[in-house]
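Enquirer: Chain A is already provided as a structure; the job is to place chain B with the ligands on it using the hints.
Top line first, the protein sequences correspond to chains A and B. At position 165 of the first sequence (counting the first as 1) the number is 164 in numbering that gives the first Met the number 0, and the numbers step up by one without a gap. At position 104 of the second sequence (counting the first as 1) the number is 103 in numbering that gives the first Met the number 0, and the numbers step up by one without a gap.
Possibly wrong hints are sitting among the right ones.
[Claimed, not checked] Calculated lysine to aspartate or glutamate pairs in the EDC-like style (CA-CA distance at most 16 Å, straight line):
no.: 1; chain 1: B; residue 1: LYS24; chain 2: A; residue 2: ASP200
no.: 2; chain 1: B; residue 1: LYS114; chain 2: A; residue 2: GLU171
no.: 3; chain 1: A; residue 1: LYS142; chain 2: A; residue 2: GLU211
no.: 4; chain 1: A; residue 1: LYS142; chain 2: A; residue 2: ASP50
no.: 5; chain 1: A; residue 1: LYS208; chain 2: B; residue 2: ASP33
no.: 6; chain 1: B; residue 1: LYS133; chain 2: A; residue 2: GLU171
no.: 7; chain 1: A; residue 1: LYS128; chain 2: A; residue 2: ASP164
Think of the hints as simulated: they come from the structure by calculation, not from any bench. This structure is a prediction, so every number in the text was calculated from the model and none was measured.
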Amino acid sequence: MNYSYYPGCSLHSTGLEYGLSTRAVFKHLGLGLTELDGWNCCGASSAHVFDHNLALALPAQTLSLAQAFDRDLVIPCAACYNRLKGADMAMRNDAATRSQLESMLGFQYTGSVAVRPVLAVLAEDVGVKRIAEETRHPLNGLKVVTYYGCLLVRPPEIAQFDDPDNPQVMAELLRAVGAEVMPWSHATDCCGGSLSLSRSDVVQNLVGKLAERAREAGADTIATACPLCQVNLEMRQTAEPKVPAFYFTELLGLAFGLSDSEKWFSKHLIDPRPVLERVAV
Amino acid sequence: MNSNLVLEVDRLSGQQIGLCYHCHKCTAGCPVVDAMQYGPDLLLRMVALGRDDAIFKSRDIWLCVGCYTCATRCPNGINIAATMDGLRQISLARGYAAGERDALLFHRLFMGVVKRFGRSHEAFMLGLFKILSKVPLMNDIPAGIGLFVRGKVPLLPARITASAQVRQIFQRSKK
Ligand code: SF4
Ligand code: SF4
Numbered sequence: 000m001n002y003s004y005y006p007g008c009s010l011h012s013t014g015l016e017y018g019l020s021t022r023a024v025f026k027h028l029g030l031g032l033t034e035l036d037g038w039n040c041c042g043a044s045s046a047h048v049f050d051h052n053l054a055l056a057l058p059a060q061t062l063s064l065a066q067a068f069d070r071d072l073v074i075p076c077a078a079c080y081n082r083l084k085g086a087d088m089a090m091r092n093d094a095a096t097r098s099q100l101e102s103m104l105g106f107q108y109t110g111s112v113a114v115r116p117v118l119a120v121l122a123e124d125v126g127v128k129r130i131a132e133e134t135r136h137p138l139n140g141l142k143v144v145t146y147y148g149c150l151l152v153r154p155p156e157i158a159q160f161d162d163p164d165n166p167q168v169m170a171e172l173l174r175a176v177g178a179e180v181m182p183w184s185h186a187t188d189c190c191g192g193s194l195s196l197s198r199s200d201v202v203q204n205l206v207g208k209l210a211e212r213a214r215e216a217g218a219d220t221i222a223t224a225c226p227l228c229q230v231n232l233e234m235r236q237t238a239e240p241k242v243p244a245f246y247f248t249e250l251l252g253l254a255f256g257l258s259d260s261e262k263w264f265s266k267h268l269i270d271p272r273p274v275l276e277r278v279a280v
Numbered sequence: 000m001n002s003n004l005v006l007e008v009d010r011l012s013g014q015q016i017g018l019c020y021h022c023h024k025c026t027a028g029c030p031v032v033d034a035m036q037y038g039p040d041l042l043l044r045m046v047a048l049g050r051d052d053a054i055f056k057s058r059d060i061w062l063c064v065g066c067y068t069c070a071t072r073c074p075n076g077i078n079i080a081a082t083m084d085g086l087r088q089i090s091l092a093r094g095y096a097a098g099e100r101d102a103l104l105f106h107r108l109f110m111g112v113v114k115r116f117g118r119s120h121e122a123f124m125l126g127l128f129k130i131l132s133k134v135p136l137m138n139d140i141p142a143g144i145g146l147f148v149r150g151k152v153p154l155l156p157a158r159i160t161a162s163a164q165v166r167q168i169f170q171r172s173k174k
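Same shape as in the complex, but just chain A:
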């Protein structure tokens, strides 16, 4: 199976290990990822502040590139996924928006590209059975809570993925590789997102609560699927002991026995290796 790939800006910087582990896991599973040539920023949390059309046009431009290929478009970053899916939905469902974007960008929308998060591809196209079969080093004893943040699941009419209040897909994948998924009620709480630099106090407060709830749930670590959440979780925790945050793809790669995993973990701001050593996975 081959997919088009949109890494987004974060995966070339703060979310480096999310991109590396996603590629490694796909390769291990025999899935092809072809990065779209010439992709641009999705507009993230900022374009929509200024202009609705700009916020649709930036991701629509990347969709126009993806249309050249007969493949689904796979996106790891929750924010990028939301923006590209939102632009796709707007063009799919609203003829006026579609023709406006078509003339602005000089392309014809075909609707042929399915925009999908990495989580969906692994759960639906690969399946938990195969994920379990690939496991060489089961993560037995590692207690995790799953954390989706906002943009993978909200608003549900755009995200159309998992459950906005009680999502399950990431838990199923992590259970398949032997991790113990602890119940908690904060999987889709907000981390404070783009206020990280301007109002770090607000983000520290939100992230601090998340870490506290994770500890209360008995978790060693928080599994994430968003580079903005992950960096906020790691950069804005102040209370000790800090709870490390993994990308769920790193945990899958570790369980598959991929040799690169050490390289990903060394990129974390909160070193997750002591936790792994403690449970000896």
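Expert: Okay, now just chain B with the ligands, sitting in the frame of chain A:
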């Protein structure tokens, strides 16, 4: 009692804020409401009452992080996050100074970098933000260094200029 502001916000956001019956669900779930002066549902009421000046002088519209918790829970299907965007756009058009100066600065710098390079660029962003914001200079320097030594904030952008397509997008939306 619909003020002109209602019409303007509805037009920009594609919402009908007249549907709001102030059940307070949006405010109850808003992650940043503690830092706000009014909170989302009171803001919508103030829009209806035409209290433009108080809205645009408050920090609330600049604190909204677009998490869509409100939009997901609203029993009347109002995308309050979109109305917040509408309010920010009106506030800028009317020349108000943002109630959260540095939140707006972040968005401006981010879009400036995207306009220039076609992609975001953390080192650039962090550097400019450090210089231009009122956030104390030493905040985040350790974290920035932490990211740098882990090879996560390359100093040079992957490409030197935005593609023709991206430049055209900015030109056509006149931003
Ligand atoms: S949730 Fe909807 S109806 Fe309730 S107060 Fe908020 S905007 Fe109004
Ligand atoms: S989208 Fe904005 S107003 Fe709505 S809950 Fe999130 S932060 Fe609050």
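Enquirer: For every hint, state whether the structure bears it out.
Expert: Hint check results:
1. B:LYS24 - A:ASP200: 24 Å, violated
2. B:LYS114 - A:GLU171: Violated, at about 40 Å.
3. A:LYS142 - A:GLU211: Within the cut-off at roughly 15 Å; holds.
4. A:LYS142 - A:ASP50: 43 Å, violated
5. A:LYS208 - B:ASP33: 14 Å, holds
6. B:LYS133 - A:GLU171: 44 Å, violated
7. A:LYS128 - A:ASP164: Roughly 25 Å separates the two Cα atoms, so the pair is violated.
Violation of the numbered hints given earlier is confined to hints 1, 2, 4, 6 and 7; the remaining hints are satisfied by the structure.
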